[in-house]
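Q: Residue-level listing of the chains:
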Amino acid sequence: MSEPLFVFRGIEKSFAKNKILRKVDLFLYPAKCILLSGKNGSGKTTLLKIVAGLEKPAEAEIEYSGKSLSWKKAIRNILKEIIYLHQQPLLFSGSVESNVAYGLRFTSLNRKQRRESVIKALEWSGLTDLANIQANTLSGGVQQRVAFTRAWILKPKVLLLDEPMSNMDHESREQARLLLCRMKSAGMSIVITSHVPQYFDGLTDVQFHLSNGQLAESKFSASNDSL
Amino acid sequence: MNGLLLTTQQALQLLLSGDAELWSIVLLSFSVSLKAILLTTPLALLVAFALNHVNFPGRRIILAFFNSLLSVPTVVIGLFLYVLLTRQGPFGNLRLLFTQSAIVIGQMILCFPVLVALGYAAIQASDRRVWETARTLGAPTWFSILTVFYEVRFGLLAAVLTGFGRIISEVGISMMVGGNIMGYTRNITTAIALETSKGEFAQGIALGMVLLSLAFLLTAFLSYIQGKKEFTT
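Order-wise, the sequence lines are chains A and B. Going by the numbering used here, the first sequence opens with residue -7, and the numbers climb by one from there. Going by the numbering used here, the second sequence opens with residue 187, and the numbers climb by one from there.
Honestly, the hints are just simulated from the structure, not real lab data. Be aware that a few hints might be false.
Stated by the list, open to error - Cβ-Cβ distance ranges computed for the label pairs, FRET-style: (1) L101(A) x G369(B): 52 to 62 Å; (2) F242(B) x L170(A): 13 to 23 Å; (3) K72(A) x G365(B): 50 to 60 Å; (4) T120(A) x L343(B): 33 to 43 Å; (5) P243(B) x Q206(A): 24 to 34 Å; (6) K9(A) x Y410(B): 44 to 54 Å; (7) K72(A) x F216(B): 31 to 41 Å.
Glycine included, C-beta positions come from ideal geometry on N, C-alpha and C.
The whole structure should be built from the sequences, with the hints applied where relevant.
A: Dropping the structure here:
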């Protein structure tokens, strides 16, 4: 197995006096998909938000590309390399195209390159026809695809998805699964939380269960990188 | 009744004839209050944002303090500023008393808590995911703040318009630290007070009409914004 991109060791987090995460370790490898399961309120979302740099842990040791970093130093790499997608994606006011292009303005691409990237990304996700539609008027499934595309265009090394298929019909789920398989094939490390592991058959490499603030490996499934 | 009708007719004539004195007072009012609102808005909205998004001890107390300042009488702010700016006061050497700058400062103090409290309410109504999405997509802190502001722009605009309405219609500060000097610090409200005390009701009513029209316009615009906000959410 190749070297992990990020290693999070001993993550601890409490809300008030309630300890949500106790010494949780997480290793993120390129082109691997982790499925996280657990009851509502078990801390799955909190764990993903800590890994995404959106919540500060009480304690955590972070390694990036083999180097041990403090939280303050790691946060820069985390925000650059890891993208978190909410259970219900938040699309900004404006068109699908402007949403997809949002993160590109913080890259080194010039205007022309950004435009080309957006066109390519919209084609990749089959959203070209919807490019000029107001993003927040779309159905839940299509909004999730816009959110995937907005993340994919930035080529993050790690993608964190919180219950990505909870509000989708069968067709939207299949489309989303196909996009995720393509992302994984492109080398992205993917972490998904879900109550329904079957949605991700063929995509998941390892499954963890979060209970009482601790992470336990619950099942291995065959990797399917053919897509 | 006839007297009131006659005075209103004279007031309308003054307004429509483009009376130079009257319109210079209107212009001065707008100029001073626009400066005050433009100078206050950026800092007040940043404070509102920080109160929403940054966890620090005393946050609730600061918010309660700004909320309590919403009902402070304008003459109290005028008095407070007068004491500071008078020759014997700590800032007397700046020679700001009875200047437009003094009115601007007073109006800034008046509208700051309005903008913070209403800005806070607007930002609080926004979705926390806006900030998180902007950050995770690589936006730097300043751009993420602008993104949040853009997503709640109608609420923030309503806060700014309310603040502007509050300062352009205040009289206490303008009277106490402006001094009501013709052509220099006399604005709509101080002119109304003066003309009424002299028994010159026509100009007072004409200026009152300008203020009332502004109030109606602001209310209509706020309703329009409210409608737009409901439509887009």
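Q: Compare the structure with each hint and give your call.
A: Hint-by-hint comparison with the structure:
1. A beta carbon spacing of about 56 Å between L101(A) and G369(B) agrees with the range 52 to 62 Å that was offered as a hint.
2. At about 45 Å, the CB distance of F242(B) to L170(A) disagrees with the hint of 13 to 23 Å.
3. The hinted range of 50 to 60 Å is satisfied by K72(A) and G365(B), whose Cβ atoms lie roughly 57 Å apart.
4. Checked against the hint of 33 to 43 Å, the C-beta distance between T120(A) and L343(B) comes to roughly 34 Å, which is consistent with it.
5. Between P243(B) and Q206(A) the beta carbons are some 32 Å apart, a value that agrees with the proposed interval 24 to 34 Å.
6. At about 48 Å, the beta-carbon gap between K9(A) and Y410(B) stays in the expected band of 44 to 54 Å.
7. A beta carbon spacing of about 47 Å between K72(A) and F216(B) contradicts the range 31 to 41 Å that was offered as a hint.
Hints 2, 7, counting from the list given before, are not met by this structure.
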